[in-house]
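Given next are the chains, with one letter for each unit.
There are 2 protein chains.
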Amino acid sequence: MKLATLNDNTRDGRLILVSRDGSRYVEVADIAPTMQDALDRWNEVEGALKARSAELESSSIPSHPVEISKLHSPLPRAYEWIDGSAYINHIVLVRKARGAEPPETLETDPLIYQGGSGTFLAPTQDIPLVDFNWGLDFEAEIAVILGDTPQGVTPDNALDYVRLIVLVNDITLRNLIPPELAKGFGFFNSKPSSAFSPFALTPDELGDAWKNGRVHLPLRTTYNGELFGDPEAGPEMHFGFKELIAHIAKTRPFTAGTILGSGTVSNEDRSRGSSCLAEKRMIEKIDTGEFHTPFMNAGDTVEIEMLDKNGHNLFGTISQKVVKV
Amino acid sequence: MKLATLNDNTRDGRLILVSRDGSRYVEVADIAPTMQDALDRWNEVEGALKARSAELESSSIPSHPVEISKLHSPLPRAYEWIDGSAYINHIVLVRKARGAEPPETLETDPLIYQGGSGTFLAPTQDIPLVDFNWGLDFEAEIAVILGDTPQGVTPDNALDYVRLIVLVNDITLRNLIPPELAKGFGFFNSKPSSAFSPFALTPDELGDAWKNGRVHLPLRTTYNGELFGDPEAGPEMHFGFKELIAHIAKTRPFTAGTILGSGTVSNEDRSRGSSCLAEKRMIEKIDTGEFHTPFMNAGDTVEIEMLDKNGHNLFGTISQKVVKV
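If you're matching them up, the sequences are chains F and B in order.
Using UniProt numbering, read the first sequence as starting at 1 and increasing by one per residue.
Using UniProt numbering, read the second sequence as starting at 1 and increasing by one per residue.
Just to be clear, a hint being listed does not mean it is correct.
Treat identical chains as interchangeable: a pair holds within one or across any two.
[Stated by the list, open to error] Keeping only pairs whose Cα atoms sit at most 20 Å apart, straight-line, the calculated DMTMM-like set for lysine to aspartate or glutamate is:
1. LYS321 <-> ASP21
2. LYS309 <-> GLU236
3. LYS250 <-> ASP126
4. LYS211 <-> GLU232
5. LYS183 <-> GLU101
Derived by calculation from the structure, the hints in this document are not laboratory data.
Between the sequences and the hints, there should be enough to build the whole structure, so can you do that?
Here you go:
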């Protein structure tokens with residue numbers, strides 16, 4: 001199933017079901033009014049949502065054309081947004097970029113941070129630029145949305161709690177990171193509101209591309225109209241979602257609707273490009289001694305999407321423009 | 001007004017209004033079914049809640065006896081839980097305890113971390129102990145619950161967004177902190193689910209004790225039946241809630257129901273005791289070269305409460321027992 005949230009000017013929007021090709025939708029307010037409500041009562045509503053989805057695919061019920069600009073983040077606000085950093089190549093490059101060493105436990109203990117989850121941006125909402133000197137950057141990622149997840153879940157059964165998969169633009173203010181991390185308590189001001197893909201997919205929609213807690217497809221980022229990167233999201237995800245879920249659940253349970261991100265998708269093969277400006281800048285620095293690519297400025301645009309093997313756009317496209325406020 | 005949430009076995013409980021003396025309550029489901037809903041529509045519902053509260057105080061409507069054990073956290077889950085660390089004495093002692101230096105910007109740049117907000121403990125719920133070696137500790141704090149708060153709020157108008165005040169037991173797993181912070185991304189596993197006070201108070205309930213964004217009353221912690229600390233929460237809160245709110249709002253807005261904590265309340269005057277075991281242990285280490293007080297173990301109990309000048313219990317008592325799971 002492909003779920004989405006219509007922005008009807010309420011706080012949490014209205015849940016809709018979208019056709020596999022992303023073009024049509026049907027209302028499901030009689031089953032669950034919001035995405036959070038559906039996640040809260042997943043076992044109760046999943047059957048009815050599947051039946052409605054089948055009716056939509058078979059065109060046996062009336063449907064409406066999807067307008068991406070009218071969609072909100074699948075969860076306009078969530079109870080938790082936790083972001084991993086599971087691609088080793090990204091960690092090594094970005095730490096090098098800010099003169100920091102990778103942690104000693106890089107390959108054995110997942111890196112994770114607790115993000116802000118109260119005010120997400122819609123998939124086509126402008127990214128507010130307050131101060132160019134903050135170093136505005138995008139980060140293209142994959143995330144899972146969990147159902148109720150008990151404390152102590154192990155990697156073996158962790159994937160049972162994955163309800164939906166989305167893409168993320170984890171917007172980052174690079175130049176606020178070093179002083180913030182120096183204080184020892186992690187990111188805060190350096191991570192403004194993130195944006196999520198128009199559609200949230202149940203894992204079965206990915207077919208055999210969803211394997212071992214990883215999405216085995218390239219994640220495409222287009223920056224100012226040009227392909228910026230299309231790294232494979234599967235093979236170099238050092239900790240898969242199994243391991244990330246088990247890691248976060250070590251000391252507490254999670255409520256339905258908790259979002260858990262992969263971290264910036266990154267490949268060692270430079271020909272695949274990057275999923276954030278910081279990596280490209282670091283590669284420039286390594287190669288030439290200097291940074292060339294500036295951080296985002298007013299008017300810059302970023303698009304993040306994932307195509308399946310047949311070129312179909314799975315999650316819809318996160319498409320944002322930077323606007324000075 | 002004094003608000004609370006009845007645990008009616010739904011996820012978000014049922015909003016009630018409690019009498020000033022904490023003994024009686026009335027239903028308000030016809031005004032707002034949940035605390036989150038009331039916060040989402042505060043301007044719309046505040047008048048009706050106030051009128052109902054006045055009726056309760058004048059005993060002009062039927063009311064029910066409050067049973068603290070049947071209350072949930074005011075917000076059983078919240079969209080954000082952000083914790084400051086605004087008492088310099090606590091920072092200095094606790095960093096010393098784990099062999100870390102206070103940050104250079106200690107007195108100019110607030111310390112803040114993003115906490116997990118999806119699964120709070122009820123005020124009298126047991127604290128689960130998985131492994132004694134994790135170093136289970138309590139932390140007594142004050143927190144504010146915000147209404148919708150725009151990005152860029154300044155200290156001058158920050159208090160306009162404070163809707164409610166609560167107490168917190170910010171439960172901490174001390175021995176998981178050093179390896180976690182060494183990774184550079186802040187707390188995660190070391191901060192399990194927090195517990196909040198039975199009652200959430202509108203600031204006016206504190207009278208002149210709510211001053212300049214600080215609560216000028218002692219915060220009492222009782223450990224295993226003995227007074228453990230009653231530090232004054234006002235004078236040594238280096239950054240008040242004005243400054244903390246302005247700090248968090250630098251790069252993003254916040255949704256109604258965001259909870260912002262003060263950090264562990266702490267006084268330089270040792271005769272006022274401590275609000276967590278870590279401080280007491282550090283003082284022992286400084287004085288005798290060794291830690292004496294162990295971290296919490298099965299059967300240990302902690303109570304956190306705040307009395308007004310006349311000895312009335314303002315927020316109800318957080319009263320928890322550690323239970324091995």
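Of the numbered hints stated earlier in the document, which are not met by this structure? Structure breaks hint 1 only.
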